[in-house]
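Join the two chains into one complex using the hints; note that each chain is given alone, in its own frame.
Protein chains in written order, with this note's numbering: chain A, 1 to 110; chain B, 1001 to 1120.
None of these hints come from the bench; they were simulated from the model. Incorrect hints may appear among the rest.
Not everything, but these chain B residues come out facing chain A in the computed CB check (under 7 Å) [claimed, not checked]: (1) F1027; (2) S1105; (3) E1106; (4) D1108.
Here are the computed lysine-lysine pairs in the DSS-like style, where the Cα-Cα straight-line distance is at most 30 Å [to be verified]: (5) B/K1052 <-> A/K46; (6) B/K1043 <-> A/K46; (7) B/K1043 <-> B/K1065; (8) A/K46 <-> A/K106; (9) B/K1043 <-> A/K106; (10) B/K1065 <-> B/K1052; (11) B/K1065 <-> A/K46.
Here are a few chain A residues that sit away from chain B, every Cβ distance over 10 Å (derived from the structure) [to be verified]: (12) S2; (13) A10; (14) G15; (15) R17; (16) S23; (17) G30; (18) K46; (19) H50; (20) Q54; (21) P60; (22) D61; (23) G78; (24) L79; (25) E84; (26) N97; (27) G103.
Ideal Cβ positions, reconstructed from N, Cα and C, are used throughout, including at glycine.
Here's the letter readout for the chains.
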Amino acid sequence: QSVLTQPPSASGTPGQRVTISCSGSSSNIGSSAVNWYQQLPGTAPKLLIHTNNQRPSGVPDRFSGSKSGTSASLAITGLLSEDEADYYCVAWDDSLNGPVFGGGTKLTVL
Amino acid sequence: EVQLVESGGGLVQPGGSLRLSCAASGFSLSSYWMNWVRQAPGKGLVWVSRIKDDGTGTIYTDSVKGRFTISRDNASNTLYLQMNSLRADDTAVYYCARGGLGSWSEFDVWGQGTMVTVSS
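Next comes chain B alone, as it looks inside the complex (with noise of 0.2 Å):
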């Protein structure tokens, strides 16, 4: 069965960091372009990063762009977001997603999601 399951979303004070993980299954994470996508308790979807199937290229969401980080290990299947300088409005679910074939705004497969709460 193909899956995607995230982890290490937890409660964090304002400037502080937190690693989220996406362990893949069922499939090669090489193969595909991983994306995070975030929604905040309440309101819409949001696309916050992408990584190149090799790992060599990444793109952000402005409102994220030089505190979180992107990356991949495809040898353990797992996709990571390293998020820096935490904000109370980076408080939401995040999901990883599988990169679709047919564009770059398809997500194929999604996580159950992982709760971030940015709160002192």
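For reference, chain A alone in the conformation it holds in the complex (with noise of 0.2 Å):
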């Protein structure tokens, strides 16, 4: 199993709010940055947010990340078909001296 938690699945409709929790430990998500990726079905991950909750150039704000504590959270709102893909949360792990994956969230638009 993945150091870092994380709900295996989620779903919402679309124009719906949907939340995915990320929770780890003091040696990784309570001393690092947060990070989280959108993998597509048949693609390559790509950066979401980065150190916690900023989004890089081209990523729309209907995504936003928050961090307290040991664990994090990734929102969602409005609710696209073409946001159905996995999520994944990353932070680095003081304990293992190097980034540790979440197991990943498929989310489903229905």
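Next comes the structure, spelled out in structure tokens:
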């Protein structure tokens, strides 16, 4: 199992708001920035949120990130069918001396 | 256009070796730390290795230590991953990813990936 814990699945209808959680510990999320990646079916991952809550250029403001203590969340508002993808959180882990990913959350737009 | 293109994947027998390459374009490789990340079929992302911008420092995930070697040639803008003593559980798509500037788990540019299959 992954060091960071994400729900395996999430779903919502178009226009809804969905959140995806990412739980860790003091050695990773508690002491490091969290980044989020979106992986559309059959494609490479793409940086979605960096440094907890920063959007790279070109990422719609429907996507937002937050972090509190040893947990982080990704929120998507105004859900679109094109948001159907796998989402991964990642943070540096001081104990393992490397980045650790969550197991990924498959988002389904109903 | 900033781009990473991996090559070198394929089918290899258990115990065999393979060398992956990642050609960078649109930016100078020498300015960035670089990483390899893999994804087994139907599974999640796993970070594999990282190399410092000047090649002087490398780190690996425990499962590949002593078997994989990351290296780079900044003159040719190319990143490498030498994989030895390959095992079935090394089967995955291997992505090269550029280290971002915000944190050590930020990968801001990804290649399209190259598939490595370890099987007899």
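Evaluated hints:
no. : hint                : result
1   : F1027               : violated, 15 Å
2   : S1105               : holds, 4 Å
3   : E1106               : holds, 5 Å
4   : D1108               : holds, 5 Å
5   : B/K1052 <-> A/K46   : holds, 22 Å
6   : B/K1043 <-> A/K46   : holds, 17 Å
7   : B/K1043 <-> B/K1065 : holds, 21 Å
8   : A/K46 <-> A/K106    : holds, 15 Å
9   : B/K1043 <-> A/K106  : holds, 11 Å
10  : B/K1065 <-> B/K1052 : holds, 17 Å
11  : B/K1065 <-> A/K46   : holds, 27 Å
12  : S2                  : violated, 7 Å
13  : A10                 : holds, 15 Å
14  : G15                 : holds, 28 Å
15  : R17                 : holds, 24 Å
16  : S23                 : holds, 15 Å
17  : G30                 : holds, 14 Å
18  : K46                 : violated, 7 Å
19  : H50                 : violated, 5 Å
20  : Q54                 : violated, 7 Å
21  : P60                 : holds, 17 Å
22  : D61                 : holds, 18 Å
23  : G78                 : holds, 25 Å
24  : L79                 : holds, 22 Å
25  : E84                 : holds, 17 Å
26  : N97                 : violated, 6 Å
27  : G103                : violated, 5 Å
Going through the hint list in order, the structure does not satisfy hints 1, 12, 18, 19, 20, 26 and 27.
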